[in-house]
Structures are given as structure tokens and as C-alpha cells.
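Here the protein sequences line up with chains Y and F, keeping their order.
Anchor point for the first sequence: position 96 equals 96 in the working numbering, and the numbering is continuous, going up by one each time.
Anchor point for the second sequence: position 194 equals 194 in the working numbering, and the numbering is continuous, going up by one each time.
Think of the hints as simulated: they come from the structure by calculation, not from any bench.
What you are looking at is a predicted structure, and each value in this text was computed from that prediction instead of being measured.
Each hint should be verified, as a subset may be incorrect.
As the list claims (entries may be wrong) - Straight line, CA to CA, 20 Å or less: simulated DMTMM-like cross-link-like pairs of lysine to aspartate or glutamate:
hint : chain 1 : residue 1 : chain 2 : residue 2
1    : Y       : Lys138    : Y       : Glu115
2    : Y       : Lys138    : Y       : Glu105
3    : Y       : Lys138    : F       : Glu116
4    : Y       : Lys138    : F       : Asp193
5    : Y       : Lys138    : Y       : Glu207
6    : Y       : Lys138    : Y       : Asp201
7    : Y       : Lys138    : Y       : Glu100
8    : Y       : Lys138    : F       : Glu248
9    : F       : Lys66     : F       : Glu116
Stated by the list, open to error - Here are some of the chain Y residues that sit facing chain F, going by a computed Cβ distance under 8 Å:
hint : residue
10   : Gly12
11   : Met13
12   : Gln36
13   : Pro99
14   : Ala102
15   : Arg125
16   : Glu128
17   : Val130
18   : Pro168
19   : Ala176
20   : Ser183
21   : Gln184
22   : Tyr273
23   : Ser292
From the three backbone atoms N, C-alpha and C, an ideal C-beta is built for every residue, glycine too.
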Amino acid sequence: MEQQQLVNELAGMVGPVPETVEVLGLQQHTPDAVEQRMQRLLDLVGDRIGVRPERRDRVREDDRSVFRLPLGGRVTGYHASGAVHLSTGLPPMERLIGPERARDELLAMVQPAAELLDMPGWTGRDEELVFERLWQIKACAADPGGTRAAPVVCRAVGAYRHVVRGLPVLGSASAAVQVAADSQIDTVRVFVRSTTGNVLDTPRSLEPQEAALRAVRQLNGLIPEAGRSFSDIATPVSFRFGYLSLSKRAPQSLLAPMYVAEVRTDGEESMSYLAAVPGTETEYLPLSRVGSGPATSQRRPPH
Amino acid sequence: MATFGVEGIRTFANARANGVSTASDLTYTFNLCNGIDDKLRSAGHTRTFYWAERDCWETDIRDSDKGGDDRDWVDNVDLFFITTHGNHEADGQARMLYDIPQTQWRTFSGQWQLGEDWNAEWVLAYSCDTVDLNHVPGLWNMFAGMHIYCGAWDNMYDAWTTEECGRDVGQNLIDGDTVSHSWIDGVSDWAVDNHPVTVCVGDAATWNGGNINWSLSYLNNDHLWGHGTVMNDLPPGQQACILWRWAEG
């Protein structure tokens, strides 16, 4: 595909882009505040998972706090972001949901667990957590003769997206509820960065065509040599506009508009990539596009 | 405690220049590698090797009986983590790409026999599409005592949302989660579709005439050394089924 075609196709995939977008301040959490969020999660679901919320051991580490629960369960809170994650310790192949089910049936299993989370309580004014996607964890087996067992559904996962003033906060799921048979809670994640309510700026949005060009230029760096082009092996999948949340171990002081391009490469070896570029001329949220180097200087002698 | 090895390839300029593959470079290879390396070492596990870029060789995982050197590398550690490009063959074999032909450009799982008299229990590959869900038995030969292969059944993502996957998998392992859960939970952000899958073999009691007794499987019981139960090796003569668990959305 020619580079310009890739740019055009990406630009054509984005939904409505507002003329201006507010840059919003984010709350910064102390470890104590993160532990309050962990306690809140435990208070909300404790009865359902058979854990008395006061029965836990607390461990505070460098970048996270952990409440140890009975039977291998735990609640983890990440100091940099306030993300909280509860795991009941249920072995992965126990309490299976059973034979493959219709999507609506699995959604109906996730819903009661999700309602326990009091989702509005995790978000601010003009914000919401909306359902985004249903996931399933399945299992299957075969014998040496090629006989296959019927697939079994192990878990259903409901994923939810934080929406702030009408814009999605792109990145990992903002909340995810994983259930076993009979809607039994297995794991819960809540990764909502809380806004302060302060509007830091109201810049004009970048045009989709220009943003798509910048995303493609960024991706071109993945094949740097002359005479070859990333676009040659690329298939556009989506192009979205919204706020962006960094990973849960990364601190973040504001929500700023970004475009996110999703592209799949073709060929003998394929890969999927996300490229994020600012949604405004000013870059409010620096995003590392370099990646780390190896944590080793070990070199091996020639064979 | 466990021993482990890490290999990560981020750039594929040599493979492209030699017409081996059109594969593009990756961005977060070493975020993934460093993450699992850091977490496992923080819990007292021993890194035996960590090779990067063109120091990663296909002979490290190829069986010593087939001209490789696995007894000194992948089959000499309990856990092996690799990040590179991958795919599978029509018969279900996994394959992965290297940026140097030492001695081949790609590894094919038909030449792996892991866990024999040696050591390997778990191989974790953050590589696209090394498992074909329609031909999972094509991976069978790699299980010569090895417990679980963790991979992907379609594309994985190179993105800021997945840069912490290695750290998350490592953290899950040392927090006492099963290996299967550690992988699927650790590489899933439930936003992009990383297609994680874990594959193992089981005995006749697990196959149970096709009415699978899942609770007996490695998928349900195997933990990293020092963090929970580790089931016994299952030699090829006792293997009666292959089992796999995956996420889809």
C-alpha cells in the first residue's frame, strides 16, 4: 500500500472529532489513597467472594500495595496510577462455565458482578464507564488419534471503557470483570484515572488527515532502511480519537487528546501495532516511542 | 527456586536485507524482557542467560539430537521467555524468526524436544501466531517432559498498552498464580486482542475418555518453582492428550 493511501484510509476511519478539546488535570494518589481504593473494591465485592473486608494482610512495596486474602487471593493497587486489581485465587480450570454459550448469555453472567462494582462511584462528573467488549477464556483438548473434546468456556470477561466528557480514555480496559460459573467473581480490574475537574487548556484538535500522516511517519521508523516502507506491508485496522491513559505503573498528570492508529502488518511474520500521536499541535502528554534497551550487557562469543 | 533465560529481538534489518522476511522492527521488546527478568530476579530466581538481538540463535532451542544446542540453553533452564516475530506452519508447528542465521534464520518447533533429561518446564513466547488453534497437536513433539508452552494464536501487539506485559506475567508468577493464568492474565489488557494461549500435555486420567478432567492438568496446577505446586514431568510414553486454554474477544 502506498503511504498516502494508508494515511487516507486511517483518516477515514476516525469518528467525529470535536473542534476543540479540554485538557484535564488528573488526581495524583498517595499510597494511602491507593490503599483506600483497594479497600473500597474489597468492600464492594467482599461478601460476594466470601472475604470479610477487614481480614487481610497489607504489604506495601516500592510501586504497589498488596492486600493478601485467604486462599491465594489478593488485591493490588498501583501507586503511580491508582489502578486496583483483585484476584480471588480461584484455580483457572475450576468453576468452569461449561459448553460454549451465546454471547448474550455470557453477558448476563458478567452483568451482576459488574453491578457490584458501583461503576459511577469510580468516575467524576460528566464521566461514565461504558461496556466495551466481551471476552471469553476457553479450553479444549485432543488425543493422539485426533479426537477432539468439545470446547469449554472457563471464564467470561466484561471490559468497560472510561468516557470523559464524551471522549473515550484509550489504553488498557478501564475496568474488567472476569467471572466463573454462576457469575462467581474471579478477577476484577479498575483502572480509572480520576480527574480533578480542572481544565488546563482548551486547544484546537488536529485534523485527522494530519494526525494520520504523523502516525504513519512514526510507524515508518519500524523499517528505517531506504528503499523499503512500512506502508508496503501495512493494513489499517482502526483510527480513534480520545484521551489516552498510560500504563498502570506510569504516573500521569493530565488527560490530553490523542489519536491512536491500529495497524496490522502482513507477510511471513505479521504483527499488530498501535501508534499514538497528539490530537493537538501542542504535545501535552509525552509518550515514549523509543522502548527500553536490554537490561544486559552480556555478549556471546561467535559460534 | 527457578533458573530462567531470556531472549529478545527488536530489530530485523539483517533478515530484511537478506530477503528472509519483510518483518518490521518492534518497539517494546526489551520492556517486555526486562520486565519479566526484573520480577523473577527480585524474587530470588536465577537468570542463567539474557541474549539480545543477534546474540539470540535458533540453536538455543533446537534439540541437541537435531543439531541444536538446547541442552546448554533453553533446556538447561526452568523457564524460557522470548520475544520475536513468529508464525506457524500448515501442520501446526510453531516457528520464530531470528536476525542472524545461527545456524538458521527461523526455528521450527518440530525440532524442539524440551524437558527430556534436562530441565525446561515452561517456554513463554511473546510472538505472533505460533499456535494454530486448528492444529494444536502439531506442537506435541516439543513436550518431552516440558509442562506448558505459552504463546499466541493470532497477532500480538507492540504498543504502549502492552509494554508492561513481561512485568505483569513475572509479577503474577511470583505472586503465586498458576503459569497458565499468569500468562493469559499478564499479556491481556482486555482492550487490544493479544490472543494468548497456553498448551500442555496430559495423562490418561486427564483425558478420561474425552470427558476431560481439567482439574488434573498442568493448566490448573502448575506454578513457578517456589510459588506453589509444580506437577511432575510427564514423559512422552504417558502422554494421552494435548490441552490448550486461550482468550478470545
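Inset, instruction - For the pair we were handed, Y:Lys138 and F:Glu248, check the Cα-Cα distance against 20 Å. - result: holds, 8 Å
Legend entry - Y:Lys138 paired with F:Glu116 [C-alpha distance capped at 20 Å]: violated, 29 Å
Legend entry - Distance restraint between Y:Lys138 and Y:Asp201, which requires alpha-carbon spacing of 20 Å or less: violated, 46 Å
Inset, instruction - Classify the hint on Y:Ala102 as holds or violated, based on whether any CB of chain F lies nearer than 8 Å to its CB. - result: violated, 15 Å
Legend entry - Status of the hint placing Y:Glu128 at chain F (closest C-beta pair under 8 Å): violated, 17 Å
Legend entry - Hinted contact Y:Ser292 with chain F - closest CB pair below 8 Å: holds, 4 Å
Inset, instruction - Take a quick look at whether Y:Lys138 and Y:Glu207 sit within 20 Å of each other, Cα to Cα. - result: Between Y:Lys138 and Y:Glu207 the Cα gap is close to 42 Å, so the pair fails against 20 Å, i.e. violated.
Legend entry - Hinted contact Y:Arg125 with chain F - closest CB pair below 8 Å: Violated - the Cβ of Y:Arg125 stays beyond 8 Å from chain F, reaching only about 25 Å at its closest.
Inset, instruction - Have a go at the Y:Gln36 hint: is there a Cβ in chain F nearer than 8 Å to its own Cβ? - result: violated, 22 Å
Legend entry - Restraint satisfaction for Y:Tyr273 [CB to CB of chain F, less than 8 Å]: holds, 5 Å
Legend entry - Hinted pair Y:Lys138 and Y:Glu115, Cα distance within 20 Å: violated, 24 Å
Inset, instruction - Decide if the proposed pair is consistent with the structure: F:Lys66 and F:Glu116, CA atoms, cutoff 20 Å inclusive. - result: holds, 13 Å
Checked against the numbered hints above, the structure breaks hints 1, 3, 5, 6, 10, 11, 12, 13, 14, 15, 16, 17, 18, 20, 21 and satisfies the rest.
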